[in-house]
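**Student:** Protein chains in written order, with numbering that gives the first Met the number 0: chain A, 0 to 195; chain B, 0 to 530.
It is worth saying that the hints were derived from the structure and are not from the lab.
Nothing false has been slipped in among the hints.
Using 35 Å as the maximum straight-line C-alpha spacing, the simulated DSBU-like pairs for lysine-lysine come out as follows: (1) B:Lys522 <-> A:Lys11; (2) A:Lys11 <-> B:Lys192; (3) A:Lys80 <-> A:Lys159; (4) A:Lys6 <-> B:Lys192.
Where chain B lies over chain A, by a calculated footprint (3+ residues, C-beta under 8 Å): (5) 10 to 16; (6) 21 to 33; (7) 110 to 121.
All residues carry an ideal CB built from backbone N, CA and C; glycine is no exception.
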Amino acid sequence: MSANQGKKMALKLALIPVAMFGFGYALVPLYDVFCDLTGLGGRGVQQTTADQIDPAGVDRSRQIKMEYLTSTNGDLPWAFKSLTGTTRIHPGALNEAHFVVENTSDETIVGRAIYNVSPAEASIYLSKTECFCYTEQTLEPGEKLEMPMRFVIDTELPRKIKGVTLSYTFFETSDSRGDKAAKKTDDEHAEAGSRS
Amino acid sequence: MSEAAIHHDDHHEHHPGFIQRWFFGTNHKDIGTLYLLFSLVMFFIGGAMAMVIRLELFQPGLQFVDPQFFNSMTTMHALVMIFGVVMPAAVGFANWMIPMMIGAPDMALPRLNNWSFWILPFAFTLLLVTLFLPGGGPAGGWTMYPPLMLQTGDAFPFVIFAVHFLGFSSVMGAINIIATVFNMRAPGMTFMKLPLFVWAWIITAFLLIASIPVLAGAVTMLLTDKYFGTSFFDAAGGGDPVMFQHIFWFFGHPEVYILILPAFGIVSQVIPTFSRKPLFGYESMVYATAAIAFMSFFVWAHHMFTVGMPLAGELFFMYATMSIAVPTGVKIFNWLATMWRGSLTFETPMLFAVAFVLLFSIGGFSGLMLGITPADFQYHDTYFVVAHFHYVLVTGAVFALFAGAYYWLPKWTGHMYNETLGKWHFWLSTISVNVLFFPQHFLGLAGMPRRIPDYAVQFTEWNMVSSIGGFVFGLSQLLFVVVVIQCIRGGAKATNQVWEGAHGLEWTLPSPPPAHTFTTPPKVTDSVAHS
Numbered sequence: 000m001s002a003n004q005g006k007k008m009a010l011k012l013a014l015i016p017v018a019m020f021g022f023g024y025a026l027v028p029l030y031d032v033f034c035d036l037t038g039l040g041g042r043g044v045q046q047t048t049a050d051q052i053d054p055a056g057v058d059r060s061r062q063i064k065m066e067y068l069t070s071t072n073g074d075l076p077w078a079f080k081s082l083t084g085t086t087r088i089h090p091g092a093l094n095e096a097h098f099v100v101e102n103t104s105d106e107t108i109v110g111r112a113i114y115n116v117s118p119a120e121a122s123i124y125l126s127k128t129e130c131f132c133y134t135e136q137t138l139e140p141g142e143k144l145e146m147p148m149r150f151v152i153d154t155e156l157p158r159k160i161k162g163v164t165l166s167y168t169f170f171e172t173s174d175s176r177g178d179k180a181a182k183k184t185d186d187e188h189a190e191a192g193s194r195s
Numbered sequence: 000m001s002e003a004a005i006h007h008d009d010h011h012e013h014h015p016g017f018i019q020r021w022f023f024g025t026n027h028k029d030i031g032t033l034y035l036l037f038s039l040v041m042f043f044i045g046g047a048m049a050m051v052i053r054l055e056l057f058q059p060g061l062q063f064v065d066p067q068f069f070n071s072m073t074t075m076h077a078l079v080m081i082f083g084v085v086m087p088a089a090v091g092f093a094n095w096m097i098p099m100m101i102g103a104p105d106m107a108l109p110r111l112n113n114w115s116f117w118i119l120p121f122a123f124t125l126l127l128v129t130l131f132l133p134g135g136g137p138a139g140g141w142t143m144y145p146p147l148m149l150q151t152g153d154a155f156p157f158v159i160f161a162v163h164f165l166g167f168s169s170v171m172g173a174i175n176i177i178a179t180v181f182n183m184r185a186p187g188m189t190f191m192k193l194p195l196f197v198w199a200w201i202i203t204a205f206l207l208i209a210s211i212p213v214l215a216g217a218v219t220m221l222l223t224d225k226y227f228g229t230s231f232f233d234a235a236g237g238g239d240p241v242m243f244q245h246i247f248w249f250f251g252h253p254e255v256y257i258l259i260l261p262a263f264g265i266v267s268q269v270i271p272t273f274s275r276k277p278l279f280g281y282e283s284m285v286y287a288t289a290a291i292a293f294m295s296f297f298v299w300a301h302h303m304f305t306v307g308m309p310l311a312g313e314l315f316f317m318y319a320t321m322s323i324a325v326p327t328g329v330k331i332f333n334w335l336a337t338m339w340r341g342s343l344t345f346e347t348p349m350l351f352a353v354a355f356v357l358l359f360s361i362g363g364f365s366g367l368m369l370g371i372t373p374a375d376f377q378y379h380d381t382y383f384v385v386a387h388f389h390y391v392l393v394t395g396a397v398f399a400l401f402a403g404a405y406y407w408l409p410k411w412t413g414h415m416y417n418e419t420l421g422k423w424h425f426w427l428s429t430i431s432v433n434v435l436f437f438p439q440h441f442l443g444l445a446g447m448p449r450r451i452p453d454y455a456v457q458f459t460e461w462n463m464v465s466s467i468g469g470f471v472f473g474l475s476q477l478l479f480v481v482v483v484i485q486c487i488r489g490g491a492k493a494t495n496q497v498w499e500g501a502h503g504l505e506w507t508l509p510s511p512p513p514a515h516t517f518t519t520p521p522k523v524t525d526s527v528a529h530s
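Generate coordinates for the entire structure from the input sequences, incorporating the hints supplied.
**Tutor:** Next up, the structure:
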């Protein structure tokens, strides 16, 4: 009697969990789209060139307070700090901040900086002409590297945003030290880079 | 009515051997019993872990266990209690009661049913052996947030595969329940005549099949991140650890309703019986339950207000969360209105059900407090959260399971349980559980963080009180085991109806019911339907 119907229905119902398992994975690209729209995770930052910046378009009527955070992930034996303290900048003007990173270990290590912007909304109005975060950095034992970062904040930045914090975290990507990060392929880094 | 069919069956009954019956059996009643006994065993395993936690927190400083082990205790306690106690117990009730309530001879897919249950012992073996592996058990919290979870040692793949197995088990169980209710109802048992316990379970089953696979996906991503070089949650590879929290809680919030909706169903059976009145607002109960389930898919981010969401997101999830209080309020109102001017008696199941209504509401109110975004920044990850979810899960879900167990034990065993011991169990549990969890509100508001084995000295007194409550609550549960064993062994003979005010098809069957019931579908009349 109805037992057969039960089996048929169970098979149909089984499609729901299969679909929802897929939906779990579909949340990954959806989350990307969401981040692009809101600028979450620093996703809104654009790459630009210095000649695209209009020197006349500087908004001198207001100042934005810029802060720079630096950190290293896990046990990466690098000393990483910002040489530029808190600065006040005008939207539309090209600004420069300086960072220094030093390999304090006795091994050659490859690292890569990942950035974030707070508040997230501000990242949509942020463009960088130069950043050490676009490429991998290789540091010999004891090597010290000074890195500039140039950026401009669009004059369209909403007036409610008075301050912007840029945060950089160095992750280890070297193969030589044989830890987990080493397994990441170059392709993925390229992909990560293209999102920047 | 169905007596003739039952006697007919008795003569032809096939008597399987012990192994045949309990290991290969497909009878819904036997599988229900297995589920319930399994969850009782796990209740004491998870409870023992809670005792370790309360023992360590009895005073500040590190006394008994090292921090790593303490954290693996909090992690395992949660996994065992959620997946090993509350969910299997609810499935056990469903197996026993749904076919008898809708007038079906068995579940729609009896062999799948056997498989659903027998996955569980294997899954929990996988999970529990991690405590004996080098590096110990998982200690990153039951929510398994990366990157911390990815630092788990050898236990990591065991936990992931245990979660996969548990997911298979509950999804198959849920499909079985839906197929049973949709196809096996006795003639005349329309959807709007179904007992509320059955309704609660259909809705829970849909939540299960829609949300558990998302958890399976999330833990699979963790697995591939750790061993196969993917970067779903690894910022160095372009991923985002916050995304895990979104995916996890997309499952996790429906999950909390998976834990509580069957409890709502049980309480909706018990209260009318001992109020000797039909359930007030049956239809609104059905719609409120469905509304809660539907809304549970749109509130997940209230678990992660502090991750740095856009303001619009914070506001949306705050309002969505608070609006769930509306259908929940409808349910509380209906339970109170059912008792209103009822001819009340307070046997143990009713005591647990009334305590459920009262104490679950306390948990609901602290949930509202946590749902207010700006307030949540203060409460997040403190003992206030711990107090909140233990009020809804212990005095909520677990109390309802006790109510259901006392309510149906005479039907299952054919004997009345020891009412005196039952009342002792109730009063000891209710007093001690409040001594255990109420002070945790104060600790949380004062700023004591969760999942830390040590604390600042100003938290000492309330932690001591809480621990004493915990030890009494833990020991009181042994009384329940005594009651259950006594009840299985003997006692006053239970009548078919058992309780004077009980209505429904299951109460037309003998106590205990024979192995096969309703092989001929019963006739559903208004007097045997829910109201």
